[in-house]
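J.: Quick note, the sequences are listed as chains F and Z, same order.
Each residue of the first sequence is one higher than the one before, starting from 1 at the first, in the UniProt record's numbering.
Each residue of the second sequence is one higher than the one before, starting from 1 at the first, in the UniProt record's numbering.
I should point out that these hints are in silico values taken from the structure, not numbers from a laboratory.
Backbone N, C-alpha and C fix where the C-beta goes; we use that ideal spot for every residue, glycine too.
Keep in mind that a hint or two might mislead.
[As the list claims (entries may be wrong)] According to the in silico footprint, chain Z covers these stretches of chain F (three or more CB under 8 angstroms from chain Z):
| # | stretch |
| --- | --- |
| 1 | 40-49 |
| 2 | 122-136 |
| 3 | 238-251 |
| 4 | 255-268 |
[Claimed, not checked] Calculated cross-link-like contacts (lysine-lysine; reagent style BS3-like; alpha-carbon spacing at most 27 angstroms):
| # | chain 1 | residue 1 | chain 2 | residue 2 |
| --- | --- | --- | --- | --- |
| 5 | Z | K381 | Z | K138 |
| 6 | Z | K51 | F | K51 |
| 7 | Z | K138 | Z | K178 |
| 8 | F | K381 | F | K138 |
| 9 | F | K2 | Z | K179 |
| 10 | Z | K179 | Z | K138 |
| 11 | Z | K2 | F | K51 |
| 12 | F | K51 | F | K277 |
| 13 | Z | K2 | F | K178 |
| 14 | Z | K51 | F | K277 |
| 15 | Z | K2 | F | K179 |
| 16 | F | K138 | F | K179 |
| 17 | Z | K277 | Z | K51 |
| 18 | F | K138 | F | K178 |
| 19 | Z | K178 | F | K2 |
There are 2 protein chains.
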Amino acid sequence: MKTATSLQQMQSSYIREILSAASDSNVISLAGGLPDQATFPIDLMQPTLIKLAEMPEVFQYEQTAGYAPLLTFLSGYFSLPENHDALVCTGSQQGLDLLARAYINPGDSIVMESPGYLGAMQVFGLVQANILTVSQTKNGPDLEALEHHFATQSPKLFYAVPDFHNPTGVCWSLETRKKVAALCLQYQVTLVEDAPYRELRFSGDTQPYVSQFCPDCSIVLRSFSKIASPGMRLGVVTGQSQFIQPMIKVKQGADLHTSVPMQVLLLGLLQHEGFAKHLARMRQLYQSRYEVLYTQLREQLPAGCTVSPVNGGMFVWVTLPACDPFALAAQMLAHGVAVVPSPVFYPANSDQIQPGLRLNFTNSTEEALIRAVSCLSQTLKAFLTV
Amino acid sequence: MKTATSLQQMQSSYIREILSAASDSNVISLAGGLPDQATFPIDLMQPTLIKLAEMPEVFQYEQTAGYAPLLTFLSGYFSLPENHDALVCTGSQQGLDLLARAYINPGDSIVMESPGYLGAMQVFGLVQANILTVSQTKNGPDLEALEHHFATQSPKLFYAVPDFHNPTGVCWSLETRKKVAALCLQYQVTLVEDAPYRELRFSGDTQPYVSQFCPDCSIVLRSFSKIASPGMRLGVVTGQSQFIQPMIKVKQGADLHTSVPMQVLLLGLLQHEGFAKHLARMRQLYQSRYEVLYTQLREQLPAGCTVSPVNGGMFVWVTLPACDPFALAAQMLAHGVAVVPSPVFYPANSDQIQPGLRLNFTNSTEEALIRAVSCLSQTLKAFLTV
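Given the sequences, and given the hints that come with them, work out the whole structure.
T.: And the structure:
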């Protein structure tokens, strides 16, 4: 059976491939985007796991939008406006997929940051969107380029990760947030604010959601993968009711609803008195690891390479002088360290690829991070002088 | 934001709407397709629920195809051929959605039984397939019409529910199974065999899967919603590796993977020594309920209405003389009984709609079924003589 045309456009995920190579226990992997499984708050979930055995009703079919008590809780937890709805998804990745299916026709333009989230490029590729990009600066997207796209290409939406962006780690400034919201309102472009790393801030001041400045012109994707557990596959999409209803309609055909016992487990966790302490401990662990990685990189990276500090999230971004990042990543892997080369974070046809590497700091011990940077620096020095 | 063209074709689910009305506790609902929650084998899951608290690794990201120990188990459980793969999905509904997205271009023809599964029509509608239908007879699909479609329309696939079909309850004869497989092989049309009710047989001889007669020309969808729990959202798709791989690629973009703790829970259940006994008890319960419903219908239905016996599944199908089944269902609901009128099981543009009703017998007590038939018969008599 011949596959659909839409699938033929889809890039295979290099990250999945490198993750597979990196699962070798002799490899230090800075390639994935995995939280440390030692942080999973399973002790806080245990009371609910036991209670589930007494709750046959949550093993039954459920309404598509989600488990009602969880929806009610989330509405308060996120202080949703009256006219907004929530839809629980199988990870925020599904939220993005439903959104793309509900709104994007083949050829419709969308804008995203560049480099940008690979999973979003896959989703927009599947619906055959015309992907426009704006360069990521240290304060967020290039606003001039963004307005140019908005004014000349009438994109349907702007997909962005304003807090600790994947892959660059950039957190948008307050000024950028306000300006982007104003542009979205002015040109009537829906902002899709993806916030999976927002709760992973370990320094600096929390910034308001960008969508706070244009609530009725935005859809927000939130994930529980980084603060609870990714294996549970839970995320939530919120926005004006009229934005969410078509996504519920698509989800009904896509999988009817998301696992109810998992939603019950999440609700128990979010309501647990120990949840705030769990978050604090996790942030502290990730901050220590980040500081080790960043300090080592600053000390050891060869001339011409740069690394920017971050205030949270899971990644740092290393920029490199002109070179082939794929060849570099392959050499690194041969030396036992997995990293992700920058080109995978650009659309296939991009002519703006900057050489670089994405490094994850959440799932390796400090000792492993020290060894990884040492290997990276030595490999880089040899690689760049060839 | 304007919704996508594909969504504008999608019928809203009348069943969802009637289910919502039917959730009123004063209504006896024969409308849904719900298993009885009293049958959920939660006692058999309890040991795994407790063990989960000691398994942080299953709360981590997982490969897209599924939890490896479950995939290995299922491969043996279903005696899959060497060259076949399995993909765990968020319910078999998602398997069908991934299949449609991986293979169907807008305008591609597909064939399904008529009346047929509403969820399949939604999925094929979303990918803008050209839906062709074949009438369901008491032995399965009209073979002459099927061959005519195969020969003249080159459909990409034939979607079918050979065991206890939704909505008619029909179980295909052995002869029909062999003939359909032969036609699929002859015309190189992929058979999509959806088997959610197969394990719910309570009388008669088990028939071989249709795909057993054309294994490399078919994809099989299996659900754990009826034999374990629907709320867990677990199903599995199997077929030749080259058929399954593109679906895995789509699933990677759609939601990365299905909940791992739920997959662990399912594996524990399927391996539990009490699982066979659970199935036997459930079949027995559903048989008693079916027999009450069928006997009462035979005794009380007015002339011109027919009901066919079934050997399993969840539904019986009542055919009616010329009338408006929607108006009848509305009257029934006003009298406190929810049923699904036949037109919702036909494509929107169908000119072959036969008046009828789908009645579910798995989620009502015998006493409620007796009251429901009494109400149905009285309403019908009044309705048909107006």
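J.: Are the hints correct? Go through all of them and say.
T.: Hints and how they fare:
1. For the stretch 40-49 of chain F, the proposed coverage by chain Z is satisfied: 6 residues have a C-beta within less than 8 angstroms of a C-beta in that chain, meeting the threshold of three.
2. Counting residues of the stretch 122-136 of chain F whose C-beta lies closer than 8 angstroms to any C-beta of chain Z gives 5; at least three are required, and the coverage claim holds.
3. With 4 residues having a beta carbon nearer than 8 angstroms to a beta carbon of chain Z, the stretch 238-251 of chain F meets the requirement of three or more and the stated coverage holds.
4. With 9 residues carrying a beta carbon less than 8 angstroms from a beta carbon of chain Z, the stretch 255-268 of chain F meets the three-residue requirement, and the given coverage holds.
5. Between the alpha carbons of K381 of chain Z and K138 of chain Z the distance comes to roughly 26 angstroms, so the proposed pair stays at or under 27 angstroms and holds.
6. Taking the CA atoms of K51 of chain Z and K51 of chain F, the gap is near 14 angstroms; set against the 27 angstroms cutoff, the hint holds.
7. For the hint pairing K138 of chain Z with K178 of chain Z, the CA-to-CA distance comes to about 16 angstroms; that is within 27 angstroms, so the pair holds.
8. Straight-line distance between C-alpha atoms of K381 of chain F and K138 of chain F comes to about 26 angstroms, which keeps the hinted pair within the 27 angstroms bound.
9. Note on K2 of chain F and K179 of chain Z: the hinted pairing holds, with a Cα-Cα distance of about 24 angstroms set against a maximum of 27 angstroms.
10. For the given pair, K179 of chain Z sits about 15 angstroms from K138 of chain Z by alpha-carbon distance, which is consistent with the 27 angstroms threshold.
11. This hinted pair does not check out: K2 of chain Z and K51 of chain F have alpha carbons roughly 43 angstroms apart, beyond 27 angstroms.
12. The straight-line distance between the Cα atoms of K51 of chain F and K277 of chain F is roughly 23 angstroms, inside the 27 angstroms bound, and the hint therefore holds.
13. For the given pair, K2 of chain Z sits about 25 angstroms from K178 of chain F by alpha-carbon distance, which is consistent with the 27 angstroms threshold.
14. Pair hint K51 of chain Z plus K277 of chain F holds up; C-alpha atoms about 24 angstroms apart against a cutoff of 27 angstroms.
15. The hinted pair formed by K2 of chain Z and K179 of chain F meets the criterion: a straight-line CA distance of about 24 angstroms does not exceed 27 angstroms.
16. Pair hint K138 of chain F plus K179 of chain F holds up; C-alpha atoms about 15 angstroms apart against a cutoff of 27 angstroms.
17. Proposed proximity of K277 of chain Z and K51 of chain Z is supported: the alpha carbons are some 23 angstroms apart, at most 27 angstroms.
18. The hinted pair formed by K138 of chain F and K178 of chain F meets the criterion: a straight-line CA distance of about 16 angstroms does not exceed 27 angstroms.
19. The suggested pairing of K178 of chain Z with K2 of chain F holds, with an alpha-carbon distance near 25 angstroms, which does not exceed 27 angstroms.
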